[in-house]
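Participant: One-letter residues, chain by chain:
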Amino acid sequence: MSKLPGLARVGEVLANRKLPALVMKVNWGRQMVISIPFLWLAIFFFIPFVVVLKISFSEAAIAIPPFSDLFEWDPDGAYATFKLNLGNFLFLLEDTFYLDAYLSSVKIAAIATALTLIVGFPMAYLIARAEPNRRLFLLALVILPFWTSFLLRVYAWMALLKRGGPINDILIAFGFIDEPIRMLQTDFAVYIGIVYTYLPFMILPLYSVIEKLDGSLLEAAEDLGCRPIQSFFLVTVPMVMPGIIAGCLLVFIPAVGEYVIPSLLGGSDTLMIGRVLWDEFSINRDWPMASAVAIVMLVVLVLPIMFVRNRIGNKGEV
Amino acid sequence: MTTEEKSNQTNSDTNPLTAPVPDLWRDPNATPFVEIENITKKFGDFTAVDNVSLKIYKRELFCLLGGSGSGKSTLLRMLAGFEAPTSGRILIDGVDMAGIQPWNRPVNMMFQSYALFPHLSVEKNVGFGLRRDGMAEEDVKRRVKEMLDMVQLGHLAKRKPNQLSGGQRQRVALARSLIKRPKLLLLDEPLGALDKKLREETQFELINLQEELGVTFIVVTHDQEEAMTLSTRIGVMNHGEIVQVGEPHDIYEYPNSRYVAQFVGSVNMIAGKVSVDEVDHVVVESEEAGCTMRIDHGISCAPNQEVHVALRPEKIMVAHDKPEQDLNCMKGRIEEIAYMGSLSVFRVRLPSGKEIRVTQPNYARDMGARFTWEDEVYLYWDVDSSVVLTV
Amino acid sequence: MKRRSYFLMFTALLGFIFLYVPMISLVIYSFNKSKLVGVWGGWSLKWYGELFQNEQIIDAALLSFNIAFITSCLAVILGTMAGFALTRMGRFKGKMLLSGWITAPLVMPEVITGLSLLLLFVTMESLFGWPAERGTLTIIIAHTTFCMAYVAVIVQSRLADMDESLEEAAMDLGAKPSSLFFLVTLPLIAPAIISGWLLSFTLSLDDLVIASFVSGPGNSTLPMVIFSKVRLGVTPEVNALATLMILIVAVGVVVAMLQMRRKQKNDETEA
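Quick mapping for you: the protein sequence lines, in order, are chains A, B and C.
Be aware that the first sequence starts at 1, since it is given in this note's numbering, and climbs by one per residue.
Be aware that the second sequence starts at 1001, since it is given in this note's numbering, and climbs by one per residue.
Be aware that the third sequence starts at 2001, since it is given in this note's numbering, and climbs by one per residue.
Incorrect hints may have been included.
DMTMM-like mimics (lysine to aspartate or glutamate), calculated; alpha carbons at most 25 Å apart, straight line [stated by the list, open to error]:
{"no.": "1", "chain 1": "A", "residue 1": "212", "chain 2": "C", "residue 2": "2161"}
{"no.": "2", "chain 1": "B", "residue 1": "1058", "chain 2": "B", "residue 2": "1247"}
{"no.": "3", "chain 1": "A", "residue 1": "212", "chain 2": "B", "residue 2": "1189"}
Chain A regions said to be covered by chain C (calculated; three or more residues, Cβ under 8 Å) [stated by the list, open to error]:
{"no.": "4", "stretch": "48-58"}
{"no.": "5", "stretch": "115-126"}
{"no.": "6", "stretch": "140-146"}
{"no.": "7", "stretch": "159-167"}
{"no.": "8", "stretch": "250-260"}
{"no.": "9", "stretch": "291-301"}
These aren't lab readings, by the way, just hints derived from the structure by calculation.
Even glycine gets a Cβ: it sits at the ideal position worked out from N, Cα and C.
With these hints in hand, go ahead and build the complete structure from the sequences.
Facilitator: Shown next as structure tokens:
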């Protein structure tokens, strides 16, 4: 093949300054590359939500699957009845248990996110300001626990926090307390668990913005009369805000729906919506109710956050 | 220094004198405003600034000129307080700066990157320093407005830095660093990020502003033309040392070393041997030039010492016919001509193989046609045109 | 200014201690002869022996590795396609939708993803009779769905950073789009694809909630078995298992870092 077609293409590229314009001509490959992942996500990500929505409007039934159908065919087959059951949602509003669970999840996730930020910020700052050849090592130290099992990391805290565990022993040995205190099965343990397991998600976005922070801005602030603490709040914090927001969302969203941590570390009174949903599904076998909980969670908690996130843009994204 | 003293700097000279700049540095009895005494700065094994001493006087516009890695920026950062000297002292207005933090120094800096806070508007950027001193809000507003009007940016007060052009950003940075009326303003490559045309305009604005406000400026630059235009005096730096300090004219016409001569402007360096060394003149024999050169200033050197004669391209005259003088006259062939409009540049090859660069002003329209490639020409110059350099 | 950096170092050091104390304690307790956490009964490899005799754990581990391997391969293919479509194919119908769908699984609470997929499978079964039963296949589908999102994001950011003129140059030299992808683009994004594969593998191996929703009876993955054991309290065999996992990961990370170091050095010497 001569080089002429190639040149012709380059002419096109230069004319359009866009590569895509020319890939567009090769339709089959292009269609496949776009439509296969598209279809996959449509079937296994989008349609499931439609199904959840549909089932949330149906009634629980002792059957397989354990819910009634929205459409019921008249025995004569002459007409179909459409039954929209709002009962699940009404019950959600009626019983304060669910509202409490939502509020308590948000509260626990918010406190845990704030704690994660407090723990993660100095670490991210230190790593970003370390010598370049040491940065890689420190980052690996932060990420390494993330590659080991999440479940086992939570489990490690069960052993540490229990009544006869090492933390109680140490506190007693140093005379801070006289007898073991209950730490496991409290909200405190849940906070520790969330901070511990989600710390890398906070540190990585923070690191990536702090690393890009221009040091001369801090010098300029000091030159104009700022003490370091002032320049931290007047310059550093506003400059790394996108990273703070990204990190907080990456921790907050999964923490709200967390199931494993409250089940293993929390007490029976640690109310979190993920746990409620799971119990509704597996213990009560009330699938429509579980669906309704999921839909409300999605609409009230997740969608607004995703909306905010899109508005801010993906600046702090890793 | 306390906060009150720091803010005092803003009240001490509210009425900037508009008298012409006195040439304090020529007066041996004058008190220097900034005294740098034997300053050394080491980063590990690397010596960035090596035993530098300098005296800078009030209302000077002093340029630190040097290539990258010459230590000029480090010296500036020590004045601002971002780096602590390894040894030596810095006095500003008689006060030892050791241990005084950047935020307490009577000094402001304009950063090379401008370091404008991207999250703050122009107004907030400029007022930043005043607000840190706890100045009343209406006073801040008034001062910011005055300052922005002075740099002709009043209409852009609400913009964010990323909505400004390069030149506008530069002026915001200047306004921000001047608004606290520092005794001393440090400027790190103030014009480095601007394009050539804008740079030339801005140079003069900078000089006017400095004269108007009566602030002492220390400018770091690698651009020798900029240093020549701006400064009252230049300190040329190389490998962490100050190699020469002087007025632009002195630096250009009487460089004290081959380094300075070559760094400031372009120059032909001709090797030779001293044959006569008197108080008022020197005679140098040069095989490279193929002639005897006479220079009308004395030097201190050993007899027959190898020296270099520095000859600026614009000081050489070109002719087809042999001039009357035998001294300071070389013969060569034109190898290349570059017509630059206002002047023409010739590259002339001497029989020794040495290449000489000559510039000729095009004072008549047909000047370009008088010489052409391969012409045999004579190059000659006056006894007061060249300089002998021993180092 | 010095004081501030000491404060910073101190707090960051506390952070690193916080990260590693639990893991180190797991390792130490795995060698404890006593079954009780608070009591040190001397060094012992007893729990490792019991771990390797526990058929339930071994079976679950094999199942999990199986699922993780297939999942990460599928996720890499689908995720790379999606990432490529979003960065290199200009505008197409549904692009906004695709880019929304591809990032949503990253922030979706696991309980919602798990529940919605289960309900989908149940509905599909009653409508089409497929999937006939829930188990390995449904877990793989579920895991692939959220893992491909991670791969797509990684590939996307790599492609966005990549200089398009490299591909333009290849086309100038006569490469057709298909050979362009395999000869130029793929080798350039290979590091992103490898890290996407590894991440998918780990995520799949780690997942408890989604797998619990979509698996059927008799298909317990490793996290499910661990969870049911751990719920009842501290189990020394799990300590031994955790130690082995930490060991594998640590070796993997060290090898990866050495590899990166060497590559950096090579690049430097070449330059």
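Participant: Check each numbered hint from earlier against the structure, then list the numbers of those it violates in ascending order.
Facilitator: Nothing - there is no hint that the structure violates, so all of them hold.
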